[in-house]
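Required output: the full structure, derived from the provided sequences and hints.
From first to last, the protein sequence lines are chains L and H.
Using the numbering used here, the first residue of the first sequence is number 5, and each one after it goes up by one.
Using the numbering used here, the first residue of the second sequence is number 122, and each one after it goes up by one.
These are calculated hints, taken from the structure and not from any lab test.
Relax, there's no trap hidden among the hints.
Between beta-carbon pairs, the in silico distance windows are:
no.: 1; chain 1: H; residue 1: S436; chain 2: L; residue 2: M5; range: 29 to 35 Å
no.: 2; chain 1: L; residue 1: E76; chain 2: H; residue 2: F301; range: 26 to 32 Å
no.: 3; chain 1: L; residue 1: G25; chain 2: H; residue 2: A140; range: 34 to 40 Å
One-sided excerpt, in silico: chain H residues whose CB lies under 8 Å from chain L:
no.: 4; residue: S176
no.: 5; residue: Q208
no.: 6; residue: S211
no.: 7; residue: G400
no.: 8; residue: E500
None of the values given here were measured: they were computed from a predicted structure.
No residue lacks a Cβ here, since even glycine has one placed at the ideal position from N, Cα and C.
Here's the letter readout for the chains.
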Amino acid sequence: MNLFDIPLKGRAKITKINVTGNLAARMQSLGLCAGVEVRMLAYSLFGTCVLVQAGGARISVRKKTARLIEVEI
Amino acid sequence: MKIALAGNPNAGKTTLFNALTGSDLRTGNFHGVTTCVARKKSGGAEFSDVPGAYSFSGYSMEERSAAEEIASADIVVNVVDASCLMQSLSYTREILARNKKVVIYLTKTARFRRRGGKVDVKKLSEYFGAPVYDCPPSQLKKILLSGVPKAQKKSIALEVAYTPPDFSPSRADRLFYNRFFALGFFVAAMAATFFIAFHPMMPGALLKDAAEDAIVVKLGGVISARLKSEAVKSLVVEGVLQGAGTVLSFIPQLAVLYLILALLDESGITSALAFCTDGLFEKVNLSGRAAFSLISGFGCTAAAIATTRGYCTPSAQRRTIAVLPFVPCGAKLPVFLTFLSPLFENPFPAVTCLYFAGLASALAFSALLKGGSEDMLSEVAPITFPRPKTVLYKLFFQLKGFIIKVAGPVLAFCILSWFLSHFSFSFEYTEVERSMLAGLSKVILPVFRPMGIDDWRLAYASVCGFIAKENVAATISMLFPEGFALPLSAALPMCAFILYCPACVSAFSASVKEAGLKFTLKCYAVQLAIALIAAYAVRLVFCFI
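Listed below in structure tokens is the structure:
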């Protein structure tokens, strides 16, 4: 299951991040790392983008990127 | 002594910078408002406001310039949003590793405490080995200028010094993260703005009429009664008062527009909106951050172009710059009103339609452009009640900017236009029809004839818009002292032309700075072509009706 599949208001733990390079560094500095608990806050118009809470940050992630983040509930 | 303010995006660096140096830089409650380093001397030290960054790896263009600034500073003030301390730890550590003299300053502490956060500043200093403050900015300034005390690093756990607040979304957050509510709210807010500004019985329009009456009729009457020379009278009354003065009378209506935009920015609604509308933007190949830029475009195109620097990919940035001029800026407002007010008793629906048509065209045009879109991974600010002081400050400085522009460049341009329109090629004082301006403008008139414009004065006024959009309204009211009214079949094509025509000189230079001269010229050529085609097309529709 990946980040995009978490139901609204659901919580999950990140298990794996299949991203490399700059994007991975940005995720890490925003607090999206393996082991972190995330909470699904909202979907954008047409469901192209999700808003998750990770620690103190609210981060919007587009579908393509969200699919690369594996989570477990 | 160089003091740099650095930290994560939306930590409150620019707000602190403004407070420390008495500046008026643009702030907003979303990520990436500041896109280039700003400097100002105050109290014997040079302060610099560094764009927000998460790391030194240079993921985005602005992060690279931040790294250089921090390395060269004498003191680095690491500005940290108290609620987001945990996530800014890595950046704070990177700064501590690069510069010996670091002060950590906590912002937004009121909200932090309200949500149950706790911080012990002294223990936190020991944890970092650097002094930590949460005092008011004036006190911080004294500390910075009188020498920063050293802090001893002790090995204590972060949990002892800091308890994070409750992060669960508030009721307002939940409401604005609902995509339908956010979009509906934005449309309603803009419609309300235009209603308050343009409806004839609302404060915007009433104050505008009062201001115009005071400047043009009353002041003009007093002055013309005192002046003897016909030429001087004409210069002062027609050139200065009717030209620049009329534009100044639009201040009440602009104030309404700017106030609502400032409220949306500071409350974090713009940020929530950028997320919620992402689906729409992705469909037209724009990055989610484009929502900020497009909403800023309602205020000023040049300022909006500057906000695109935070984008991670140049192609996404260029696409946004290319479509931004279609979003009507605040300065186009007087122009639309000049054309539409004589036709409609209540120009509110017509002007609102024009503004939304501009936004829709920007999105449609972007969909036609080639190239991939940007991956969006950005922070969204929480919804907060905006601080009245910040909002009023922002409004005041935007209006000040408008007044300076009208009193400077627009006034100078009015005087030049007056001179050209009252002297012949042999420099004799003459009537308008035989002036230099008439001779010159008739050359460009053929371009405007297919729009139903037969008057060279209108052709000239539209061309003036390339220097500043305010000039169009100023020139029209100056060159038509007898009053101005066009039939709908000519006014609408003109409005279409103004809506799509390339932005002013300041937007041009902003665009050159961000995307290069060649790209900018290409954009301007395409926009001019679209403006002409749109205007001709609207006229054609009227021919068939």
